[in-house]
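My request is simple: use the sequences and hints to build the entire structure.
Protein chains in written order, with my numbering: chain A, 1 to 160; chain B, 1 to 787; chain C, 1 to 261.
Mixed in with the good hints, there may be bad ones.
[What the hints assert, rightly or not] No more than 35 Å apart at the CA atoms, straight line, and that leaves these computed lysine-lysine pairs for DSBU-like:
| hint | chain 1 | residue 1 | chain 2 | residue 2 |
| --- | --- | --- | --- | --- |
| 1 | A | Lys55 | C | Lys45 |
| 2 | C | Lys37 | A | Lys115 |
| 3 | A | Lys11 | C | Lys37 |
| 4 | A | Lys83 | B | Lys537 |
| 5 | B | Lys563 | B | Lys242 |
| 6 | C | Lys56 | A | Lys11 |
| 7 | A | Lys11 | C | Lys45 |
[As the list claims (entries may be wrong)] Output of the computed footprint for chain C on chain B, the stretches with three or more beta carbons under 8 Å from beta carbons of chain C:
| hint | stretch |
| --- | --- |
| 8 | 170 to 183 |
| 9 | 690 to 696 |
| 10 | 702 to 708 |
[Claimed, not checked] Some chain C residues flagged as far from chain A (calculated, every beta-carbon gap over 10 Å):
| hint | residue |
| --- | --- |
| 11 | Glu5 |
| 12 | Pro9 |
| 13 | Val16 |
| 14 | Leu81 |
| 15 | Ser83 |
| 16 | Asn111 |
| 17 | Gly153 |
| 18 | Glu154 |
| 19 | Gln188 |
| 20 | Ala190 |
| 21 | Asn218 |
| 22 | Ala223 |
| 23 | Ala243 |
To be clear, the hints were calculated from the coordinates, so they are not data collected in a lab. Where is the CB? At the ideal position from N, CA and C, for every residue including glycine.
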Amino acid sequence: MTTVTMTVNGKSVSREVESRTLLSAFLRDGLNLTGTHIGCDTSQCGACTVHVDGKAVKACTMFALEAEGAEVGTIEGQSSHGKLNTIQEAFKEHHGLQCGFCTPGMVMTTAALLKDNPTPSEAQIRAHLEGNICRCTGYHNIVKAIMAASGQDVSAIAAA
Amino acid sequence: MPKDINEVVGRREDARFLTGTGRYTDDITQHNQAAAVFARSPIANGIIRKIDVSAAEAMPGVLAIFTGEDFTEVGGNPAGWMINSRDGSPMHEPKRPVLAHGKVRHVGDAYAAVIAETPEQAQDAMEAIDADFEELPAIVDMAAALSGDDYVHDEIGTNQCFDWGWIEDNRAATDAAIQGAHHVTTLELVNNRLVPNAMEPRCSMASYHPATEEYVLHTTSQNPHLTRLLISAFVLGIPENKLTVIAPDVGGGFGSKIYHYGEEALVLAAAKKLGRPVKWTADRTEAFLTDAHGRDHVTKIELALDAEGNFLAFRTETMANVGAYLSNFSTATPTFLHGTLMAGNYTVPNVYVNVKAVFTNTAPVDAYRGAGRPEATYSIERVIDKAARELGMDPITLRRQNFVKPDQYPFASAAGLEYDSGNYDALMDRMEEIADLGGFTARRAASEAKGMWRGLGINAYIEACGIAPSNLVGVLGSRVGLYDAATVRVNATGNLSVMVGAHSHGQGHETAFPDIVADMLGINAASIDIVHGDTSKIPFGMGTYGSRSLAVCGSAVVRATEKIIVKAKKIAAHMLEASDLDIELKDGVFSVAGTNSSVSFGEVALKAYIPHDFPITEIEPGLEETAFYDPANFTYPSGAYCCEVEVDPETGKVSVERFTAVDDFGNVINPMIVTGQVHGGLGQGIGQALLEHTTYDENGQLLSASYMDYTMPRADDLPFFHVDHSQGTPCTHNPLGVKGCGEAGAIGSPPTVVNAVIDALNSGGKPVTHLDMPLTPHRVWSAMQTV
Amino acid sequence: MYAFELERPGSVADAVAALGGEAQPLGGGQTLIPTLKARLAMPEKLVSLTGIAEMKGISSEGGGLRIGGATCHADVASGTLASYPALAGLAAQIGDPAVRNRGTIGGSVANNDPSACYPAAALASGATIITSTREVAADEFFRGMFDTALEDGEIITGVRFPVPQRASYQKFAQPASRFALVGVFVAQFAEGVRVAVTGASGDGVFRWAEAEAALSSNFAPEALDGVTADASGMISDLHGSAAYRAHLTAVLTRRAVSQAH
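Below is the structure:
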């Protein structure tokens, strides 16, 4: 066991972990931050997407020890005191989620996208979601929500 | 400025899902919890010669190991629907044990389970189990299974589960109609096997309390009461009143979480044996190998037409794969959810369907979003399109000519159902308008200018959902009733808890259901909460599948609320010293007709629980009512769909450029949710048409067992959809006038897409008449090389 | 996963020292970690290369580019946009955005997955693979499916890319994994044209000599008229036959030539 120390959602945390402990397991089991979900074994579904030093990564494909000293952001850090952020508001308003399982990853991926590209086109959004799989929504309302979150007029997109 | 969670419009459940505070089964950890891991067959078919667990038992952290031997005294996981063959004999029902015993029958079939302190320790020990199998030839192909001498279940001596005819009495007339027809179009097709792939893998966690002999099972289920019933009555024999099944937040189901699975029984048995909570969480590979798959039909369909293009008969022969064991609804899916829809939207007088269900050494196959109706729609709508092409007729005109007309309802279809309402021409009109069919020629020219072939596909569907009238399904072989239930509890302080049998795993019941009650009572929906998913809290309902939640459970909510109103009026009448017949309820206020005398809903609620002056022989205290609702018929949503695709002639790659879905869902309670349901169904239907391909090799190995090889639809595979439900014709038999909307998109879209691709290929000079799904680039390109 | 020890050295020297015995280097882990999760590998020790600053970054070197072995795909995509746009375009198509933030060029080149993108860029560019002990020309480095010239304990510290006059990478994605079903990298240099194909061959990335010859005399799509790729030895699987891959090879090569800049 090795001690790992990192900042998670602005708070310094320290835990004993095995080398094989994934960042996702560290967050879920170690810190009880269960909003980071595990939907596949092959690093494709994106339900576990978190931010490490400001970049979106798949927490299931990174060891906790590799996040030593890093700033880690999870879905639990996206809202504070019951206030939704702009992305979360847009997902809610435009029904960009159904069962909710992929949603944390979608929100985290969106946050990273909009940081680099504040007004992405529909095509850019769809391309950027390549690593986030949703089985419920057909992506229509997710893409729409992301466009809305970036301040674009979505009124012309078929109603939802 | 960020807004408070509840200030943003949208669904109530969104707040927890968007903040990472949902509670899915795997998010729940209990004190002293142990982990279960399953040893799964690496081969498709084999005799278990040896399972030596001695080395595994000695591994660190191991608490217990179970094998099939431990469950020989308990029951099997049953099929929920008895199908009789054409000769009157009952279907074959081989036992489906908790753990494989004697034989393993598909890759992934669990033959042992290890319980250890941690999942890693359990996994280590699982690998130390010394199991020896005598491998037998894998039975994979259905035709070979029916003709061969090797059996998935030796004790039944055949791989044919049943040979079903529908409607047997129509057979001769159908044959005659085809024999004498002006034109017969024949199509052989495969409805490709799909893996449901709810994003949350299955997970089950059990605990046992020795002092009370009570079990609690948290599990990823669409219907906790059904799961409890199956475990109690058939598998483990745990008294129903000693077993609580809780399905907390569930990350999608699409059918795959309807069924009881052996892992649930195993963790219950392990929790009792160890006196500790035991949890199992599937990984995605296990999901691919063991979740019930969907579809997998091989069909020959014939459509007979007269010289004017009137449909005379549909005749189909289908082989339906049921996999290695009968999953709970597996026998209903290819029969009564499929054969009864084989008249489509049409006035065709003759329909005959033959379905042979076939055991193979593959994962069990059961209902997956649409369940039988997509297979029916695909067969019908593909063969109609082929007929139109053969006859040189416009595919829309040909369909319209044969539609059931609005003045024909209720309409008795030739496949045995009574359609209550619909207007297929209105749907087609609306579709043509939204899809801008007039602009297609110009769009095709634009595509051709950039070297792409453009195709237009259209489709009309009807389906039967809102499952289901118990008396009808009972006649047809169902072993359960398919009503649902709701309890409306008005609390003393005036807010409401509504306990429902339906389970929400994406459908937004927590948002949609309160509106029904609020509208009826004239109170604010914010004071009403839905309770679901916990058998210790909710009445016995049958859960959520078959697009039934609103039509069946929503109707139970209506009935229970009606009872609340009756009771509340009595209380109000007592308070106002009037007759309850004179009490009116409007905007949450009870008043005596024609007077100013009134009491509020809140005052009545409080009085119900503080009945100091009640006439106790006339009015019971409390304000809580339960209703069970059993539908009189299925609901019959229908639709007209249109798809435009581009095919890249150089690579065969298909892209969906436009998609229009016009559906008749009757009355719509929450348009946002209904539209979202259609979007999701379209995603899955387009996935079936173009992407999703479940492939077993000849040895029964699942080649598409991960997202590396099974193509899930991604955001860039799909366009924005045009969805419309303005042409609703209310359901005539449920109090809300609603029709189910959950499966429509998955039912109507596959033939729409395939029709479009065939059209594109023909426009490019490739006279392809049919291609089996999924229309992958390789398949489309290959077809272009051979014509 | 089986248990193992994880080391995070801060220098190439320390990494090499740590790699004795049964140790295995860990790049971004986007392939290795899923492999470990499936218990398909059982290393005693992993040596993470992502904490080595000297292995990260992009610099100009001798008229070309030197990219540190631990540079992630996202950084290559943004860092070579101006200097080598075809390479940037390739990097931007690997995996998905989150994978690109972790996966590294060194890890990809060392793994030599037959469907990976980077080997095509390295081979078509005539790149040099710089390791902890030597420099190896790409033509000698890639030896077959998952096979390279790397010795045990040797790590890729960087890749040096000559920058061609014009180049383009055309990828036709395997629909599920989004790896290259076929990917073709065409690079035009003063000395001639190099064409590298990934995804298609059971032997991994290869140079397509016939196309190179045709394009070296006339760098235009028409130069490929009548030039067909040989399907023998090409991969046949769920997603495409050998013949389909051979066909795509020709199609993508033409497209790469038309889009080269």
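Original post:
Against the structure shown, which of the earlier numbered hints fail to hold, in ascending order?
Top reply: Hint check: 8 and 11 fail, others pass.
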